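The task is simple: from the sequences and hints, build the whole structure.
What follows is each chain in one-letter form.
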Amino acid sequence: MIFLLDFSPIKPDFGLFFWTTIIFGIFWLMVGKMAFGPIKDALKTRNGDIQDALDKAEQAKAEIANLKAENEKVLVQAREERAQILKEAKDTKDSIINEARETAKAEANRIMESAQLEISSQKKAAMTEVKNMTGLMAIEIAEKVLRKDLKGDESQENLVNSLVNELNIN
Amino acid sequence: MGKFSFFTAVFLFVFTLSFAQHNHDGHNHDGHNHDGHDHSGHDHSGHNHDGHDHSGHNHGKKERKVLQRTSKKLQQQRQNQSGLNHDSHDHGNGGADHAHGQTNACGMAHEDPTTFNAAKVAFHHISDQNIYSIGPWHFPLPCIVKSKEGWDFFSSGNFKADYHGNSHYAYKGYVLYEGSLRKIVDPTFPKEKVELHHGDVGTMVLPHPSTGKPIDVVHVCYNNKLYKADNKSTADMGLFGGGITSFYDFSITKNVMAMLIVFTFLTIVLLRVAKAYKTRQGQAPTGMQGFIEPIIVFIQDEVCKPFLGHAWEKFTPFLLCIFFFILGLNLFGQIPFFGNANASGNLAVTAILAVFAFIITNLNGNGHYWQHIFWMPGLPFIVKLIITPVEIVGNFILKPATLMLRLFGNITAGHIVVVIFVGLIFIFGKNGANAGAAYGTTIASTLLTLFMMALELLVALIQAFVFTILTASYIGAATEEHHAH
Chain D
5 MIFLLDFSPI
15 KPDFGLFFWT
25 TIIFGIFWLM
35 VGKMAFGPIK
45 DALKTRNGDI
55 QDALDKAEQA
65 KAEIANLKAE
75 NEKVLVQARE
85 ERAQILKEAK
95 DTKDSIINEA
105 RETAKAEANR
115 IMESAQLEIS
125 SQKKAAMTEV
135 KNMTGLMAIE
145 IAEKVLRKDL
155 KGDESQENLV
165 NSLVNELNIN
Chain R
10 MGKFSFFTAV
20 FLFVFTLSFA
30 QHNHDGHNHD
40 GHNHDGHDHS
50 GHDHSGHNHD
60 GHDHSGHNHG
70 KKERKVLQRT
80 SKKLQQQRQN
90 QSGLNHDSHD
100 HGNGGADHAH
110 GQTNACGMAH
120 EDPTTFNAAK
130 VAFHHISDQN
140 IYSIGPWHFP
150 LPCIVKSKEG
160 WDFFSSGNFK
170 ADYHGNSHYA
180 YKGYVLYEGS
190 LRKIVDPTFP
200 KEKVELHHGD
210 VGTMVLPHPS
220 TGKPIDVVHV
230 CYNNKLYKAD
240 NKSTADMGLF
250 GGGITSFYDF
260 SITKNVMAML
270 IVFTFLTIVL
280 LRVAKAYKTR
290 QGQAPTGMQG
300 FIEPIIVFIQ
310 DEVCKPFLGH
320 AWEKFTPFLL
330 CIFFFILGLN
340 LFGQIPFFGN
350 ANASGNLAVT
360 AILAVFAFII
370 TNLNGNGHYW
380 QHIFWMPGLP
390 FIVKLIITPV
400 EIVGNFILKP
410 ATLMLRLFGN
420 ITAGHIVVVI
430 FVGLIFIFGK
440 NGANAGAAYG
450 TTIASTLLTL
460 FMMALELLVA
470 LIQAFVFTIL
480 TASYIGAATE
490 EHHAH
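From first to last, the protein sequence lines stand for chains D and R.
Numbering-wise, the first sequence is residues 5 to 174 according to the numbering used here.
Numbering-wise, the second sequence is residues 10 to 494 according to the numbering used here.
It is worth saying that the hints were derived from the structure and are not from the lab.
Fair warning: there could be bad hints in the mix.
Claimed, not checked - Examples of chain R residues lying across from chain D (beta carbon under 7 Å, computed): (1) Thr-243; (2) Leu-280; (3) Ala-357.
What the hints assert, rightly or not - Residues from chain R that keep clear of chain D, each with C-beta distances beyond 10 Å, as calculated: (4) Ile-153; (5) Trp-160; (6) Leu-275; (7) Gln-343; (8) Asn-351; (9) Met-385; (10) Val-426; (11) Phe-435; (12) Leu-456.
The model shown is predicted, which means the values in this text are computed figures rather than measured ones.
Idealized CB from N, CA, C, for every residue including glycine.
Structure below.
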């Protein structure tokens, strides 16, 4: 009964055989060769490129990590160096200060010593001068006394002598 | 956006016109029908003809039997055909006027417009045609035919087909029946362009020459004489009611046109995409390239590489061609109001695609493949004797046959279901008699059709993918390197 109705799509006709072969054949030859071939190659190349890029990125990342570690090391070194330098500077400063202090002290001592010497020599000079002056004064006094009382009194003469001795001691 | 709204507007316009034409036709038919009733009821009461008008199934069968009986005498008694078949009032009414009634001058029954045959409409819809119909318009296609008389080239516009695709003119001994080219076998039929009347190209029920089953045979009535009109030759060897007839049709039919449109569209798009890979080397894909690339990558990575192993590069272009060609045809056939060509639902088209896959598979088959077919290693002799025919049938007949039938069946079924859903409107609405039911069914059938079309979009993709993946698996099996047993 099905054949009473014309179910034509199931009856393959030669025209469609012919045209399908021609159209699909050309489609395959043309689009397959000119479109899908190059697209396939391009995709393959790009896949490779992407893989390369990823690999390179990974590599770069590792390199950066390396660099960072190195930097860290350098930084630590620098820090140590700085501390060293600071310490050295401090030491230098201390030694300089000490030295200066020593020098100053020595100088002060020296100055003190020379001052003392000066003082003592001045003192001696002054004493001498005083002695001289006292001598002169004593002579003057004696002269005066003599002028007045020098009438040969022995006790007076002894007194003068003792006075002169007393002057010497001073 | 402007372009899209323009196309939408055009589609809607076409749809409206097409619908209006339907209604128009329906009214005309109704009008004729009522005329016929009145006419026969008053003037020809008691006649055979009157009975036929009100006929139920019994009368219809009787009519067919009469026709069958007469058909055997057709060869000798063509001249007397109408006389034998009907009462003399047929002659009285005359040819042209009678076209409005139920039978024409030659006694060919008109289609009863009050009955709606959903199966027939569906089969008509999915069949290949020599005209490209979009809505109410028929676009003529070039006809290329080969008969004993030689090659003929002409346009199907010569036939001036009516809405159903039946020709208004016969040209060079050819007519158009339901959009399909038919050749009038009788050499006495005039070769020049002759005018026919409405209903002069129709069917007679005759017994099949070999099986004896009743079949519809297309006839043309011209000058009160019946001429048998052969269908084109088909390659089914009589299996599905076709076979070699008096002519071969190599025309650019609707399906060929659909293939050419899909071919042109795909070629332009894919070549432009391929060009983009050259001009935009090393850049991310954009536009059309960005749309096509995931599809290509999907087929390449999910189909070609797993099934073909290291040979994937060699067969990827072919498999992509198969996939895009089938997908293009599947989707093109589903564009509403655009002819609905059923190319990938035609056995001839799927057969050729299957043959391509078959040839590619067997041309690339390696030693292992052939050894496994003809003399499977590692089996006892007796088992080999059984396995070899099974392998031969499986590889050379079943594989291509299933490829061919799966695609054909799925796409054809989808087209038929959509037509049947639309046909429900006419079935429940009793072809216009029950307007309320028709409106109700319109809503239901619109929803059903919408669902079906969504499903068909999926099927279009799946079937293209399945065809590709199976082809890949066949090629993969033929080229596979065997390592161990």
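Hints and how they fare:
About 4 Å separates the beta-carbon of R/Thr-243 from the nearest beta-carbon of chain D, less than 7 Å, and the hint is met. A hinted interface residue such as R/Leu-280 counts as satisfied when its beta carbon comes closer than 7 Å to some beta carbon of chain D; here the least separation is about 5 Å, so the hint holds. Interface hint at R/Ala-357: satisfied, since its Cβ lies 4 Å from the closest Cβ of chain D, which is below the 7 Å cut-off. For R/Ile-153, the requirement that its beta carbon stay farther than 10 Å from each beta carbon of chain D is not met, with the minimum near 8 Å.
The beta carbon of R/Trp-160 sits about 13 Å from the closest Cβ of chain D, which is more than 10 Å, so the claim that it is off the interface holds. Not every CB of chain D lies more than 10 Å from the CB of R/Leu-275, the least distance being 7 Å, so the non-interface label is violated. Non-interface call for R/Gln-343 relative to chain D: holds, since the shortest CB-CB distance, roughly 16 Å, exceeds 10 Å. Not every beta carbon of chain D lies more than 10 Å from that of R/Asn-351, the smallest distance being close to 6 Å; the non-interface claim is violated.
At roughly 33 Å from the closest C-beta of chain D, the C-beta of R/Met-385 stays outside 10 Å, upholding its exclusion from the interface. Its beta-carbon lying about 14 Å from the closest one in chain D, R/Val-426 satisfies the requirement of being farther than 10 Å from that chain. With a cut of 10 Å on Cβ distances, R/Phe-435 stays outside the contact zone with chain D, its closest approach being about 17 Å. In this structure R/Leu-456 is separated from chain D by more than 10 Å, as the shortest Cβ-Cβ distance comes to about 27 Å.
Hints 4, 6, 8 from the earlier list are contradicted by this structure; the remaining hints agree with it.
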